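Given these sequences and hints, build the entire structure.
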Amino acid sequence: MVEETAQTFRVDPRIYDDPGVFEAEMERIFESNWIYVGHESEVVERGAYFTSTMGTQPIIVARSDDGGIRVFLNVCRHRGNVLCRDAAGNSKGFACRYHGWAFGNDGALIGVPDIEAYPESFQREKEHLGLLQARVSTYRGLIFASLRHGVEPLEDYLGAVKTFVDLWADMAPDGTLRISAPHSYSYPGNWKFQVENGVDMYHPSFVHQSAFATFRRQGIQKYQQRRALAAESVTYGFDNGHSVLQRPGLESIYSPEQLDGYLQALTARHGAERAAQIATIRHVHIFPNVCLMDGNIRVIQPLSVTATNVHSYFTTFDGVSDDVNAARLRDYQRRIGTTGLVGTDDVDIFAGSQSGIRARTLERLIIDRGIDREVIDADGTRRGGPMDETPQRAIYRGWRLAMNGERGG
Amino acid sequence: MVDPHEIANFLYYEAELLDDRRFDEWLSLFEKDGLFWIPLDPEADPAREASILYDDGPQREARVHQLLHEPHWSQRPPSRTMHTISNIRVGSEGSDGVEARCNLLVTEVRSSGHRAVQSGLGVQRTVAGRCTYRLVRDGGRWLIALKKVVLIDHDRPIENLSFII
Numbered sequence: 001m002v003e004e005t006a007q008t009f010r011v012d013p014r015i016y017d018d019p020g021v022f023e024a025e026m027e028r029i030f031e032s033n034w035i036y037v038g039h040e041s042e043v044v045e046r047g048a049y050f051t052s053t054m055g056t057q058p059i060i061v062a063r064s065d066d067g068g069i070r071v072f073l074n075v076c077r078h079r080g081n082v083l084c085r086d087a088a089g090n091s092k093g094f095a096c097r098y099h100g101w102a103f104g105n106d107g108a109l110i111g112v113p114d115i116e117a118y119p120e121s122f123q124r125e126k127e128h129l130g131l132l133q134a135r136v137s138t139y140r141g142l143i144f145a146s147l148r149h150g151v152e153p154l155e156d157y158l159g160a161v162k163t164f165v166d167l168w169a170d171m172a173p174d175g176t177l178r179i180s181a182p183h184s185y186s187y188p189g190n191w192k193f194q195v196e197n198g199v200d201m202y203h204p205s206f207v208h209q210s211a212f213a214t215f216r217r218q219g220i221q222k223y224q225q226r227r228a229l230a231a232e233s234v235t236y237g238f239d240n241g242h243s244v245l246q247r248p249g250l251e252s253i254y255s256p257e258q259l260d261g262y263l264q265a266l267t268a269r270h271g272a273e274r275a276a277q278i279a280t281i282r283h284v285h286i287f288p289n290v291c292l293m294d295g296n297i298r299v300i301q302p303l304s305v306t307a308t309n310v311h312s313y314f315t316t317f318d319g320v321s322d323d324v325n326a327a328r329l330r331d332y333q334r335r336i337g338t339t340g341l342v343g344t345d346d347v348d349i350f351a352g353s354q355s356g357i358r359a360r361t362l363e364r365l366i367i368d369r370g371i372d373r374e375v376i377d378a379d380g381t382r383r384g385g386p387m388d389e390t391p392q393r394a395i396y397r398g399w400r401l402a403m404n405g406e407r408g409g
Numbered sequence: 410m411v412d413p414h415e416i417a418n419f420l421y422y423e424a425e426l427l428d429d430r431r432f433d434e435w436l437s438l439f440e441k442d443g444l445f446w447i448p449l450d451p452e453a454d455p456a457r458e459a460s461i462l463y464d465d466g467p468q469r470e471a472r473v474h475q476l477l478h479e480p481h482w483s484q485r486p487p488s489r490t491m492h493t494i495s496n497i498r499v500g501s502e503g504s505d506g507v508e509a510r511c512n513l514l515v516t517e518v519r520s521s522g523h524r525a526v527q528s529g530l531g532v533q534r535t536v537a538g539r540c541t542y543r544l545v546r547d548g549g550r551w552l553i554a555l556k557k558v559v560l561i562d563h564d565r566p567i568e569n570l571s572f573i574i
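Chains as they are written, first to last, in our numbering: chain A, 1 to 409; chain B, 410 to 574.
These aren't lab readings, by the way, just hints derived from the structure by calculation.
What you are looking at is a predicted structure, and each value in this text was computed from that prediction instead of being measured.
Worth double-checking, as some hints may not be accurate.
[Unchecked claim] Calculated Cβ distances over 12 Å to all of chain A for the following chain B residues: (1) P448; (2) A525; (3) A554.
[What the hints assert, rightly or not] If we take Cβ atoms under 7 Å as the criterion, some of the chain A residues that face chain B in the derived model are: (4) E40; (5) Y185; (6) S186; (7) P188; (8) S255; (9) Q258; (10) N309.
Using N, Cα and C, we set each Cβ at its ideal position, and we do this for glycine too.
Pasting the structure below:
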């Protein structure tokens, strides 16, 4: 379904509307790869937890009493009832509403009412009847989980994109970045449309022309580039499906005084050269389901082949003045919050793609842009022009690798 | 003394302007520093924490400009809305104006004609919220100092809220 030559990269549009493909993705990607499940700032206290999904599987992410972060399948081992229906909370454990089986916040089975009624074999088995757990690994505050027994270490899975995750995490001058309640939106389309869009610089001048014209006319977001911050515009594609989009533009978010203060704080911590690298607009997509952006962390939640939820968590930085975070919030919310002038038009495009591909006669979609001018590093990282489809090709190479069961680890 | 009928008529008038897409006139119903707020967390400080929508005057103007004068794709075709206002309760007048509460049910659909079968179009849906207004006098008329709409699904994913509730 993904076909590549030296000059062409074509995908079968059935990947967006075939229920069989969706089920295979849930199994071979969402139960296999490292999946972003949350941020450390969401489970700070011992006993803190929240519920979520990996693919379509219900999970609980919890900070156990021993301080470790664990990810459980949100299902009672007895008769399969959902264990926890709270969005979040703090608890020493979880008791099933159905027959009262109880599990500690480390997942251990700690209580079975009327356990004497069970046979001898059960008494011996029960120590193995704790909550099913995913493997958990964190990097720079980002919590990932995997349901694959032999999954490679997270840092191997990230590979060369780690450099960009570090640049992203270093945006918070004292190293601490927090999230809170997200903007959540849904759309009647496949999850991969949002994935592709977050690392696409070819579409904004078309899809977002109404927003950009509005900002210009209203005098909002005047952009005057500072020479020192003239970071290049570029795209990257990495093994395992990760990708990066980078362009200058922080000057449109901050006042000159705020930007000075922010750069000073970054320089004090990282030196001038790295501060200039950090202070740019950068979208870092970690395949399959999370995009780290300058104002937010965007998490993509597949519901079905034609339905997706997206949760966009605004990030606040410690170590900056309140007005810097306020400026970031104002910019982010105006543009890509739930009612953002920019983001709402992307969402309509996703629905439009889902409609268009019902034309079965269209057999292949074209992702050739810039394919013959990519610069390929020794480690396999591909570098493209800002509007090239380097990220989208990386996404579908990573997709193909996982769907063919060819991932290492 | 505040006449509750006068307040109710004002709320119905605002709703009519929105359903008629008379957005420029709707803008003039707000005080210059008036705020339109749809919270994510009804108890949050909207200056510091994210909201579904938190528009001051310039942001409201930008929103209306994009709706009326630019190719705003998520509103082409445009939403047709029907604002239903009920359960209106009017407080007494204080130094900062009058508080009025009501229930809001907006029914909405984007139509591309009778034959269209397209994702994101043709499905009629509702948006339900409980409103708190703070209204102030300006000569013989009322102006909106604050319009706060707490959606009953404020913490749930929302599909395409590119129209004005």
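Exercise. Have a go at the S186 of chain A hint: is there a Cβ in chain B nearer than 7 Å to its own Cβ?
Key: Cβ of S186 of chain A sits 4 Å from chain B, so the hint holds.
Quiz item: Non-interface claim for P448 of chain B: all C-beta distances to chain A beyond 12 Å?
Solution: 9 Å, violated
Self-check item: Hint status (Cβ of Q258 of chain A to nearest Cβ of chain B, threshold 7 Å)
Solution: Given a least distance of 15 Å, the restraint on Q258 of chain A is violated.
Exercise. Hold the hint about N309 of chain A up to the distance rule: shortest CB distance to chain B must be less than 7 Å.
Key: For N309 of chain A, the interface hint holds, since the closest Cβ of chain B sits about 4 Å away, which is under 7 Å.
Quiz item: Is the nearest Cβ of chain A still more than 12 Å from the Cβ of A554 of chain B?
Solution: It holds; A554 of chain B is separated from chain A by about 20 Å at its closest Cβ, greater than 12 Å.
Self-check item: Restraint check, 7 Å cut-off on beta carbons, for S255 of chain A near chain B
Solution: Since chain B brings no Cβ nearer than about 15 Å to S255 of chain A, farther than 7 Å, the hint is violated.
Quiz prompt | Interface hint outcome for E40 of chain A [beta carbon to chain B under 7 Å] | solution = 19 Å, violated
Practice problem: Please verify that hint: P188 of chain A, Cβ, nearest Cβ of chain B, below 7 Å or not. | Solution: Interface hint status for P188 of chain A: holds (4 Å vs cutoff 7 Å).
Exercise. Identify whether the interface hint at Y185 of chain A stands, where standing means a beta carbon of chain B within less than 7 Å of its own.
Key: With a closest approach of 6 Å, the Y185 of chain A hint holds.
Quiz item: When you look at the beta carbon of A525 of chain B, is every beta carbon of chain A farther off than 12 Å?
Solution: 9 Å, violated
Hint compliance for this structure: hints 1, 2, 4, 8, 9 are not met, and every other hint is.
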